[in-house]
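J.: Each chain, written out:
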Amino acid sequence: MDILIASTKIAVVLAAMLTSVVFLVLVERRMSAFIQNRIGPNRVGPYGLLQSVADVVKLLMKEDIVPAKANKPLHDLAPIISIAVAMTTFAVIPFGNAIELFGTTIKLQIADVNIGILYILAITSLGVYGLTLAGWSSNNKYSLLGGLRSSAQMISYELSMGLAIIGVILMAGTLRLDVIVEKQTEYLLGWLPAWNIFLQPVAFITFFIAAFAETNRLPFDLPEAEPELVGGFHTEYTGLKFGLFFLAEYMNMITASAIVVTLFLGGWHLPYADMLGLSGFALSILQVLTFCGKIVLVLLFFIAIRWTLPRFRYDQLMSLGWKVMLPLTLANALVTALILLAF
Amino acid sequence: MTLQAVLFYLLAAVSIASAIMVITRRNPVTSALFLVLNFFSLGGLYLTLHAQFIAVIQILVYAGAIMVLFLFVIMLLNLGDSQSLREVISLRKLAGVGLSTAFLLEIIYILGFRVSDFPAGEVTRGLEIGTVEYIGQKLFTDYLFPFEITSILLLAAIVGAVVMAKRKLD
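If you read the protein sequences in the order shown, they are chains A and B. Its first residue numbered 1, the first sequence is counted upward by one per residue in our numbering. Its first residue numbered 1001, the second sequence is counted upward by one per residue in our numbering.
Hints listed in this document are in silico derivations from the structure and should not be mistaken for laboratory results. Treat each hint with caution, since some may be false.
[Unchecked claim] BS3-like cross-link-like pairs, simulated, lysine-lysine; straight-line CA separation at most 30 Å: (1) A:Lys323 <-> B:Lys1166; (2) A:Lys183 <-> B:Lys1138; (3) A:Lys183 <-> A:Lys107.
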């Protein structure tokens, strides 16, 4: 029975993520068109809704080209690593409170582990292998430069990411994500939801910036900077293998948004929802919808940033990571610890 | 066989096979990747022992950070020519063979003849020992002094790295 419940949860979460990617790509294209005063794709299906489906079909039909001097096994392995990492990170994120179904209480979280946040950090730290190997195995100088940039960038920003989380961990006193969300359901001064964005603003900003860098999104998309590196690490990828990188990038975006929501924006908590007087089941559904809604808002912010800000130069990226973000997050951890000790 | 035993034999087989691949592959990138796989299976073995914290640190630090730097260096130096990596048997290698043989004999001796010496109570306590809370508690009470000494060691390493990098810049 437990295995059945667990596999249902995995299937539902994966299906939801894959479906959201289809719409996310379209939303991104339409929104970029709006920002750049264009119309954007609106020909395939009503409002262009089937554009992504057409794109997927196109990618599936394309020939898979491997450069002659490439390392074939690693060239194949790189997109698989990327997609595997992107798919497994979501496992520990609680997407709702416990739900009552047919008399059994089901926790809306795939894996409820003791080391929640550390699991996320460990898995995301493996994502860099996909990009680095793609760059190296292609045997192309632009790919290699993209791969090297990605590993330097991700290692640099991983540190700030981990240190930013320390503030949250100190406040919650646990690494379990479900408990961290539960702590945020209280109220400050009787009315303000005790979300970590209000309690840990510095950690929120630094974590959010690091999340941009970790997902290789503008303004931190140095690994695939088109004007200088052709396509960066995926220059030599075509068809489905390119599609896997593309899919991984968008899934990483969704997961990053989910982590931001869980750690800083109260997770599935809808303030004052208990005043509505809903029954247990309806309340659970409402909480899941709240979680999804928050993710959508963060994703829209992600996309808006991408089409608003110019790209960083490489040395600016490194000095921001090491000279601004790292000291800031260290100071935040220190101040949080001191305040917690004093009270 | 229980699920735990199946997992143990699977992970043990993968870790031994990948360790052999690390030292037999000629291509340094392939070797490094098999080392990552080895770290992964070791992390899995720690998980079967309920040592969640050690398992995740194994992956986070070794597979996620140190091996990335290794790969980084291998790619930058472009050690593609595997023939140049062919090494001769040296005194240092013979010493290595001797040491590892001694270690193997030691393990065989302990597992073969001294298993009864292990305290039986400790094994069942595995569930509580592996948690983050327990390790943190021990680290900041019983083992505070070694912990702080380690931080000084790390500081010295950081200063050393800065000095080395600066010398090249000047």
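J.: Evaluate each hint against the coordinates.
T.: Each hint, compared with the structure:
| no. | hint | verdict |
| --- | --- | --- |
| 1 | A:Lys323 <-> B:Lys1166 | 17 Å, holds |
| 2 | A:Lys183 <-> B:Lys1138 | 26 Å, holds |
| 3 | A:Lys183 <-> A:Lys107 | 17 Å, holds |
In terms of the numbered hints stated before, the structure departs from none.
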